[in-house]
Amino acid sequence: MSIIIKPIITEKITKDGEVFNRFGFIVDKRANKIQVKNAVEAAYGVSVVNVNTMNYRADRSVKYTKSGLITGKTNAYKKAVVQVKEGETIDFYNNI
90 MSIIIKPIIT
100 EKITKDGEVF
110 NRFGFIVDKR
120 ANKIQVKNAV
130 EAAYGVSVVN
140 VNTMNYRADR
150 SVKYTKSGLI
160 TGKTNAYKKA
170 VVQVKEGETI
180 DFYNNI
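Residue numbering for the sequence shown follows the working numbering, starting at 90 and increasing by one per position.
The hints are simulated quantities; they were obtained by calculation from the structure and are not laboratory data.
Don't take every hint at face value.
[As the list claims (entries may be wrong)] Using 30 Å as the maximum straight-line C-alpha spacing, the simulated BS3-like pairs for lysine-lysine come out as follows: (1) 95 / 118; (2) 118 / 104; (3) 168 / 122.
[Stated by the list, open to error] Label-pair ranges, simulated between beta-carbon atoms: (4) 136 / 183: 18 to 26 Å; (5) 122 / 156: 40 to 48 Å; (6) 107 / 141: 16 to 24 Å; (7) 168 / 136: 19 to 27 Å; (8) 174 / 98: 20 to 28 Å.
From the three backbone atoms N, C-alpha and C, an ideal C-beta is built for every residue, glycine too.
Input sequences plus hints: build the corresponding full structure.
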């Protein structure tokens, strides 16, 4: 089971990474905090201090158009915000 699906790169998470050493990831819905911690430490070679996880539900929408009703939904996902040890960082932009 692949725990880390992809990193989150937004303005807010990038600022948290610079100021508080916190980085965001979209992770598998079945993964717990210990599995997320071990996966980040193995993938990026950093020491993880704290892990916060959030479950996001699927948003459903209905649009009323001239041709009729259009329904849709977004995917549900789990987000993990990982705080690394002071002085360490994760660089998503450099391919080494």
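> Has the hinted range 19 to 27 Å been met by the Cβ atoms of residue 168 and residue 136?
Replying inline: 21 Å, holds
>> Next pair to validate is residue 168 with residue 122; report whether the Cα-Cα distance is within 30 Å.
In response: It holds: about 11 Å lies between the C-alpha atoms, which stays within 30 Å.
> Honestly, do residue 122 and residue 156 meet the 40 to 48 Å range at C-beta?
Replying inline: Holds - the Cβ-Cβ distance for residue 122 and residue 156, about 46 Å, lies within 40 to 48 Å.
> Does residue 104 lie within 30 Å of residue 118 when you go C-alpha to C-alpha?
Replying inline: 25 Å, holds
>> A range of 20 to 28 Å was offered for this pair. Does it hold for the Cβ distance of residue 174 and residue 98?
In response: The hinted range 20 to 28 Å holds for residue 174 and residue 98, with Cβ atoms some 21 Å apart.
>> Between the alpha carbons of residue 95 and residue 118, is the straight-line distance 30 Å or under?
In response: It holds: about 13 Å lies between the C-alpha atoms, which stays within 30 Å.
> Taking the CB of residue 136 and the CB of residue 183, does the distance hold inside 18 to 26 Å?
Replying inline: Since the Cβ atoms of residue 136 and residue 183 sit about 19 Å apart, the hinted range of 18 to 26 Å holds.
> At the C-beta level, are residue 107 and residue 141 separated by a distance inside 16 to 24 Å?
Replying inline: 18 Å, holds
Checked against the numbered hints above, the structure violates none of them.
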